[in-house]
Amino acid sequence: MREELEHELERVRGYRADVPEPDGATVATARVQLMEAISVEPVPAGAPRRDRPTRRRLQRLQRRRRFALAGGLATVGIGVGGALGLTTAATPVSALAAQMNQLANVAASQDWTGIPGPGQYLYTESSGLTSSDTVGSNNQMCTVSQVEHRQIWIATDGSGALNDTRGQSRFTSAADQATCAGMNISDPASQNSSWTARFPAGGLSLPTNDWRSLSTDPATLLQQVHQRDGGPDTPAELFTNVGDMVRESDVPPVIRAALYRSAALIPGVKLLGTQTDPTGQTGLGVGYPYDGGQIHSELIFDQQTGRLLAEEYYDPSGALTSWYSYTQQRIVDSVPDYPMEQNHAKAEAQTSTDQSQSPTAATTTSSAPPQAAGTTTG
Amino acid sequence: MRLVPTTSRVSEDGASIARSLHDPEAFADVFDRHFAFVHRYVARRDGRDRADDLAAQTFTVAFSHRGRYRDDLGTARPWLLGIATNLMRAASRGDARVASIVERLGGEAAASSSAASHASAGSASEDDERLTLALEKLQPEQREALLLHALGELTYLEIAEALAIPVGTVRSRISRACAALRAELDPPAVAGPRRNHA
Numbered sequence: 005m006r007e008e009l010e011h012e013l014e015r016v017r018g019y020r021a022d023v024p025e026p027d028g029a030t031v032a033t034a035r036v037q038l039m040e041a042i043s044v045e046p047v048p049a050g051a052p053r054r055d056r057p058t059r060r061r062l063q064r065l066q067r068r069r070r071f072a073l074a075g076g077l078a079t080v081g082i083g084v085g086g087a088l089g090l091t092t093a094a095t096p097v098s099a100l101a102a103q104m105n106q107l108a109n110v111a112a113s114q115d116w117t118g119i120p121g122p123g124q125y126l127y128t129e130s131s132g133l134t135s136s137d138t139v140g141s142n143n144q145m146c147t148v149s150q151v152e153h154r155q156i157w158i159a160t161d162g163s164g165a166l167n168d169t170r171g172q173s174r175f176t177s178a179a180d181q182a183t184c185a186g187m188n189i190s191d192p193a194s195q196n197s198s199w200t201a202r203f204p205a206g207g208l209s210l211p212t213n214d215w216r217s218l219s220t221d222p223a224t225l226l227q228q229v230h231q232r233d234g235g236p237d238t239p240a241e242l243f244t245n246v247g248d249m250v251r252e253s254d255v256p257p258v259i260r261a262a263l264y265r266s267a268a269l270i271p272g273v274k275l276l277g278t279q280t281d282p283t284g285q286t287g288l289g290v291g292y293p294y295d296g297g298q299i300h301s302e303l304i305f306d307q308q309t310g311r312l313l314a315e316e317y318y319d320p321s322g323a324l325t326s327w328y329s330y331t332q333q334r335i336v337d338s339v340p341d342y343p344m345e346q347n348h349a350k351a352e353a354q355t356s357t358d359q360s361q362s363p364t365a366a367t368t369t370s371s372a373p374p375q376a377a378g379t380t381t382g
Numbered sequence: 033m034r035l036v037p038t039t040s041r042v043s044e045d046g047a048s049i050a051r052s053l054h055d056p057e058a059f060a061d062v063f064d065r066h067f068a069f070v071h072r073y074v075a076r077r078d079g080r081d082r083a084d085d086l087a088a089q090t091f092t093v094a095f096s097h098r099g100r101y102r103d104d105l106g107t108a109r110p111w112l113l114g115i116a117t118n119l120m121r122a123a124s125r126g127d128a129r130v131a132s133i134v135e136r137l138g139g140e141a142a143a144s145s146s147a148a149s150h151a152s153a154g155s156a157s158e159d160d161e162r163l164t165l166a167l168e169k170l171q172p173e174q175r176e177a178l179l180l181h182a183l184g185e186l187t188y189l190e191i192a193e194a195l196a197i198p199v200g201t202v203r204s205r206i207s208r209a210c211a212a213l214r215a216e217l218d219p220p221a222v223a224g225p226r227r228n229h230a
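Chains A and B, in that order, are what the protein sequence lines are.
Just add 4 to wherever you are in the first sequence, counting from 1, and you've got my numbering.
Just add 32 to wherever you are in the second sequence, counting from 1, and you've got my numbering.
Check each hint, because a few of them may be wrong.
[Unchecked claim] FRET-style restraints, in silico, Cβ to Cβ:
1) Glu185(B) - Gln298(A): 38 to 44 Å
2) His11(A) - Asn118(B): 25 to 31 Å
3) Glu185(B) - Gln231(A): 43 to 49 Å
4) Asp159(B) - Ile119(A): 45 to 51 Å
[Said to hold, decoys possible] For the chain A half of the interface with chain B, some residues (derived, Cβ under 10 Å), not all of them:
5) His11
6) Val31
7) Val110
8) Asp168
Simulated from the structure, these hints should not be mistaken for lab results.
None of the values given here were measured: they were computed from a predicted structure.
For every residue, glycine included, the Cβ atom is placed at its ideal position computed from N, Cα and C.
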């Protein structure tokens with residue numbers, strides 16, 4: 005009887021076995037639909053502050069800057085289904101391509117980070133100007149600009165630690181100040197924050213970065229990264245995807261090099277030449293513009309080592325609204341003994357958890373946030 | 033019945049979904065891990081024509097209901113396939129309504145809902161065609177349980193969770209489905225006429 009059951013089950017297991025997995029275009033289309041559904045979800049009352057731009061605090065692989073939120077970008081639709089409109093090998097080599105290729109060669113030959121071994125972490129330190137939003141009960145939003153100092157340790161299994169401190173909070177306009185006052189936030193310093201935590205495997209990124217599955221062909225890699233990172237099918241989003249893959253990342257040199265070459269394939273990317281970030285670091289700048297040509301976002305690379313030095317973001321008038329300067333990156337053998345991040349500590353202690361409760365971030369207020377070197381108020 | 037989790041650790045899916053309650057984009061991790069499998073399951077079950085839409089819809093529905101997710105089984109796959117199953121049921125009811133309207137209007141009787149989708153599945157093997165017809169004849173709940181086990185690779189426990197039915201019911205549905213398939217595909221030999229012993 006059992007054998008007969010198993011015989012039938014085996015027959016059904018082979019049913020339409022030739023049906024393949026979905027192709028890249030199908031996956032990308034479905035992902036866009038999901039991200040659109042996510043983007044229209046109403047923000048719950050009293051929701052935790054939402055970073056802007058969306059520099060994610062936990063999963064570095066999920067850091068995405070929503071170009072769609074900034075109107076007026078050169079968001080030429082490139083069509084769902086794989087036609088990313090990339091430049092081809094037949095396109096004359098531009099100054100951008102030549103510079104990115106040179107940068108790629110430097111990156112490929114460098115082992116300035118290496119890959120963390122067992123028990124090791126990639127440590128990245130950065131400082132910058134960011135902003136955070138607090139959403140009120142009527143969906144109004146109180147925005148403050150903040151100076152951020154960030155230290156992150158990430159192992160290849162996604163475990164690590166984070167020390168993220170935000171201070172010198174200030175209102176960015178009279179309108180913001182009025183909105184915040186309506187939400188009983190009259191002192192911007194009340195928005196200062198500090199978050200220190202350790203994370204178990206998978207807490208800071210996927211346990212396996214699966215770099216091995218990525219192609220070293222720039223055009224193919226760009227499509228793979230876009231499928232992984234998501235976002236609209238636009239050149240602006242492709243530029244975002246590249247940035248997401250190289251910040252605070254142990255991406256192998258050969259893949260980093262391919263990413264740099266792929267940036268030159270994205271329509272609309274501009275070569276900006278030598279740029280200096282607010283902390284004084286100088287490097288090669290490439291950027292993506294608004295429709296009118298004003299640069300919206302910029303990545304600055306160290307031409308001696310190939311690493312990412314800084315990111316800068318501008319409003320349509322050309323004012324610098326946020327920036328992040330990566331001042332240190334190296335392999336270390338330990339992390340500070342911060343408390344385990346609250347979500348994971350709570351989940352590990354329980355055997356039957358009510359998942360409907362929203363986890364709370366382990367955020368504490370710091371009374372004396374560190375000063376970021378070369379701080380500007382943009 | 034609330035199942036006792038087999039592990040005290042939160043799974044990757046559980047962690048992603050928990051984070052997504054306050055950071056919605058974290059849900060994309062669940063998509064990245066499971067979309068290909070769900071899509072292929074729907075395509076094998078209901079045909080490739082509808083797989084794109086149904087699979088995509090599975091994740092948008094899952095996202096909107098993520099507050100109800102329970103990480104008892106350590107993976108979101110049963111939950112997702114349960115949602116896909118409900119969507120396929122709804123799609124089938126829609127097809128049946130269309131088929132009955134066409135019939136009333138005097139057109140050709142439309143094939144049954146799943147047979148119509150099976151026609152576009154793309155497989156031309158004789159075995160698959162016979163199996164398609166045999167699966168058509170199963171009671172829908174038996175067919176669902178059987179395909180979740182054989183194609184969805186879910187255990188009986190996971191099917192019970194996905195369909196919100198007792199494990200014993202899963203076991204009996206699959207057993208009866210297999211018996212019905214066997215009777216349809218390998219009918220017992222019919223006794224021949226008696227020989228004349230002259």
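Against the structure, the hints come out as follows:
A hinted range of 38 to 44 Å for the beta carbons of Glu185(B) and Gln298(A) is inconsistent with their spacing of about 52 Å. A C-beta distance of roughly 30 Å is found between His11(A) and Asn118(B), which places it inside the suggested range of 25 to 31 Å. Remark: the range hint 43 to 49 Å for Glu185(B) to Gln231(A) is contradicted by a beta-carbon distance near 24 Å. At roughly 48 Å, the beta-carbon separation of Asp159(B) and Ile119(A) lies within the given 45 to 51 Å, and the hint holds.
At about 8 Å, the closest approach between the beta carbon of His11(A) and any beta carbon in chain B falls short of 10 Å, and the interface hint on this residue holds. Taking 10 Å as the C-beta contact cut-off toward chain B, the hint placing Val31(A) at the interface holds, the least distance being around 6 Å. Interface hint at Val110(A): violated, since its Cβ lies 31 Å from the closest Cβ of chain B, which is beyond the 10 Å cut-off. The criterion of a C-beta within 10 Å of any C-beta in chain B is not met by Asp168(A), whose closest approach is roughly 15 Å, and the hint is violated.
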